[in-house]
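Engineer: As they're listed, the protein sequences go chains X and B.
Heads up: the first sequence begins at 1 in my numbering, then just goes up one per residue.
Heads up: the second sequence begins at 1 in my numbering, then just goes up one per residue.
One should not assume that every hint holds.
FRET-style restraints, in silico, Cβ to Cβ [claimed, not checked]:
| no. | chain 1 | residue 1 | chain 2 | residue 2 | range |
| --- | --- | --- | --- | --- | --- |
| 1 | B | Glu51 | X | Arg365 | 38 to 46 Å |
| 2 | X | Glu458 | B | Thr54 | 50 to 58 Å |
| 3 | B | Glu51 | X | Glu513 | 25 to 33 Å |
Here are the computed lysine-lysine pairs in the DSSO-like style, where the Cα-Cα straight-line distance is at most 30 Å [unchecked claim]:
| no. | chain 1 | residue 1 | chain 2 | residue 2 |
| --- | --- | --- | --- | --- |
| 4 | B | Lys46 | B | Lys89 |
| 5 | X | Lys31 | X | Lys59 |
| 6 | B | Lys46 | X | Lys509 |
| 7 | X | Lys479 | B | Lys47 |
| 8 | X | Lys334 | X | Lys90 |
| 9 | X | Lys479 | B | Lys68 |
| 10 | B | Lys46 | X | Lys479 |
| 11 | X | Lys240 | B | Lys68 |
| 12 | X | Lys492 | B | Lys89 |
| 13 | X | Lys509 | X | Lys492 |
| 14 | B | Lys68 | X | Lys250 |
| 15 | X | Lys24 | X | Lys75 |
| 16 | X | Lys45 | X | Lys250 |
| 17 | B | Lys64 | X | Lys479 |
| 18 | X | Lys250 | X | Lys290 |
| 19 | X | Lys334 | X | Lys250 |
| 20 | B | Lys68 | X | Lys509 |
In case anyone wonders, no lab produced these hints; they're calculated from the structure.
Glycine residues also receive a C-beta, built at the ideal position from the N, C-alpha and C atoms.
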Amino acid sequence: MNTYKERAGLIEQAAKACNTTVYKEKEVPNKDLTPRTTSLTKSSKVMSLEDAIRHTGLKDGMTISFHHHFRGGDKVVNLVVDKLAQMGYKNLHLAASSLIDVHEPLIEHIKNGVISKISTSGLRGELGRQVSLGLMKEPVIFRSHGNRGAAIASGELHIDVAFIGASSSDPMGNACGYSRYPTAKSICGSLGYALPDAQHADHVVILTDDLVPYPNNPKSISELNVEAVVEVESVGDASKISSGAIRDTKNPRDILLAQTAAKVVENSGYFEDGFSIQTGSGGASLAVVKFIRQSMIDRNIKASFALGGITAHMVKMHEEGLIERLIDVQSFDKVAAESLMNDRKHKEASSIEYAAYNEPSAATRMLDIVILSALEVDVNFNVNVLVGSDGIIRGAIGGHPDTAADSALSIIVCPLLRGRIPCVVNEVTTLITPGSGVDVVVTEYGIAVNPRRPEIAERLTKAGLNVVDIHDLAARAQKIIGDAAPLPFGDKVVGVVLNRDGSVLDVIKNIVEPTN
Amino acid sequence: MNQLTTSSAGTLESGDIMVQISPSTEAGLHIDLNSTVAYQFGEQIKKVVSETLTEMGVTTADVKVIDKGALDCTIRARVTAAAVRATGKDVWKD
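Same shape as in the complex, but just chain X (with noise of 0.2 Å):
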C-alpha cells in the first residue's frame, strides 16, 4: 500500500532534507472569497504620499531620485521636495536625470538645508545661475544619461529612495509614461530614464495621475520593484514636453544649418540602405531629419532604425516606410508619446541599453550618424553644451557625449555666433564632449571636418560643400565680436563633469557677479 499517511516518515525525511518543514493543512484556510472585480482597484501598496515616504524608511542624507520625461511640464520633483521638506528632512542628495527651469522651487529648499547635494545631467534657468554663483556648498556632479546609468547600476550612484512619476499605474505598481484607459490625464511615452532607478534602487514609490485597475499592461515598469503606490492630480504637462531646447525651429538660420547638415549627412559615405541616425535637442539638429527625407525617397534608402530623442517628424517617416524602427529613451513630443504607446515597433530603451559605456549592445554603439546641437565648439573639436559663455550653467549633458563617441558620424550643428556669443571659440569654458569623438561641425559660414577623418573631408569637397578650417571659423568670429574681457571665475568649484566611464573631465568654477 502507498497512502498518504505510510508516505509520512518519507516526507519528514524529504523535509529534512530539502532544509524544510513538513506541510500541515491548516485549520480554517484563509481563501479570499471576495469578487476579484471589486480588489482590481486595491492594494496595500496604494497610499498617500505622506505615508509612501515613511514606508520607504527615508533618512536625512539619503539619495532621492527623479525623472525628467515631462521635462517643462514636471510636476513630481517640486511636488515631493516641498512634501519632504513639509515632514522636515534634511540634508537630501537630490539625483535627477535633468533639471530645467520648472525646477527653479529648489533654490529655497537648498537654501533651507532640505537638498545639500545634486546629481544631474544639467541645470537651466535661475537654478543653473544661482548654482554658478555658489549657492550650494557641494559641487553639483554631471553625468550623461548613458553614465547615469551606469552609475547606478554599478551602485557608484546609489539611489534610497526614487520617486517614479507614471502616467497611468495599477495599485500593484505596473506602471508607465501613457494610459490606455478613458481616464488617462497625462502622457509622457518612454520611461527610459526612470528604468535604472526602477531596477536598482532600494525603494521605489509609483506616483500616477491615473490609477487603473489591475493588470495595467503592457507596462514598462513591474509591479515586482515598487513599494508604494500614489495617487496625485497630476504628474505633467504633456504640452510642456516639446518646449525649451527640443522646440520645433522656425529659425531662418536654423533651417540653413539643418539644410547644410542634411547635406553632410547624404555625402558622408554613411547615407545607405539600413543607415540609422539620431538627433539631439536643438532646434537646427531636430529639424535635419525634415531635409533628408526627400533624399531617402529619391535614392530608395531606408534607414534600419532611428534613435533618441524621438520627435514626431521621425514618427512621421517611420509611419511612412522610411524608418524602420524607433529605439525610444525619450519621447520629445506627445505625437512621440502615443506611438510608443500603440506602435509595436516603437520600443522604450532604458538609459544604459540606450548609452551605457560598459554595456556592450548599448544602442549608441549600433548607430551610423548623429546630429548634435552645441553652446561651444573649439578648434580641437571638444564640446560645451553645459556652460553658457558667460560662465553660468544652462544647459545638459544628455546624451551628447554618449552618442558622440559610439557613433559612427558625429555631426555638430551650431552657429558661428549667438548674438554676440561666439560659437566656435580657441578653447570651450567647459570640457563635455571630448574632441576625439566629434567629426564634423557644421556652421552658416562653412564646415569644419576633425583631421582625424580625412575621408569625410574629402567626400564633402567632392559633393561641392564648403569644407573650411575651423582655426578660420574660430578667428572670423573672434573678429566680428572684438574683444572679450575675461569672465569673472571665483575659486570655489560649484560643478563636477563626469566623463561616461566615471572619471572626472572637469570642473566648474564660481561666477562673481560685478557689484555695480
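Since the structure of chain X is provided, determine the placement of chain B on it from the hints.
Structural biologist: Same frame as chain X, now just chain B:
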C-alpha cells in the same frame, strides 16, 4: 544742443539693442547698461555708446541701454537713431 526729447530706438530681439535717451539735470552721460553679455562686453558697449553720442554732440543725457548681444555696428546704428530722434537733428539728411 540742450533741448532733448525722450526718445528711443531698437528692439529687445536677440542680437539687437534698445537705447533710450532722456534729458539729464546733471552734466555728463549717465549710461545705465543691462546686457546679456555684460561680463565680457559691458565696458566695450558703454564705450561705443558714449563715443557715438559724443560724436553727435550729445554730452549730457540719461541713457538707458538694454542689450541683447548686439554687435558694435548695431549699437552705433541704434544709438545714432535714438539721438536723431532726441535732438531732432537728422544726421543722415545734413
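Engineer: With reference to the structure, classify each hint as holding or not holding.
Structural biologist: Results of checking the hints against the structure:
1. Glu51(B) - Arg365(X): 38 to 46 Å: violated, 56 Å
2. Glu458(X) - Thr54(B): 50 to 58 Å: This hint holds: roughly 54 Å between Cβ atoms.
3. Glu51(B) - Glu513(X): 25 to 33 Å: holds, 27 Å
4. Lys46(B) - Lys89(B): Roughly 23 Å between the alpha carbons, so the hint for Lys46(B) and Lys89(B) holds.
5. Lys31(X) - Lys59(X): Judged against 30 Å, a Cα distance of about 38 Å means the pair is violated.
6. Lys46(B) - Lys509(X): Judged against 30 Å, a Cα distance of about 27 Å means the pair holds.
7. Lys479(X) - Lys47(B): holds, 18 Å
8. Lys334(X) - Lys90(X): Cα-Cα ~36 Å, so violated.
9. Lys479(X) - Lys68(B): OK: Lys479(X) and Lys68(B) at ~19 Å, within 30 Å.
10. Lys46(B) - Lys479(X): Within the cut-off at roughly 19 Å; holds.
11. Lys240(X) - Lys68(B): holds, 26 Å
12. Lys492(X) - Lys89(B): violated, 52 Å
13. Lys509(X) - Lys492(X): Since the Cα atoms of Lys509(X) and Lys492(X) sit roughly 5 Å apart, the hinted pair holds (cutoff 30 Å).
14. Lys68(B) - Lys250(X): Status holds; Cα separation ~20 Å.
15. Lys24(X) - Lys75(X): violated, 51 Å
16. Lys45(X) - Lys250(X): Distance ~47 Å between Lys45(X) and Lys250(X) Cα, so the pair is violated.
17. Lys64(B) - Lys479(X): Answer holds: Lys64(B) to Lys479(X) is near 27 Å, not above 30 Å.
18. Lys250(X) - Lys290(X): holds, 13 Å
19. Lys334(X) - Lys250(X): holds, 19 Å
20. Lys68(B) - Lys509(X): This hinted pair holds, its Cα atoms lying about 25 Å apart.
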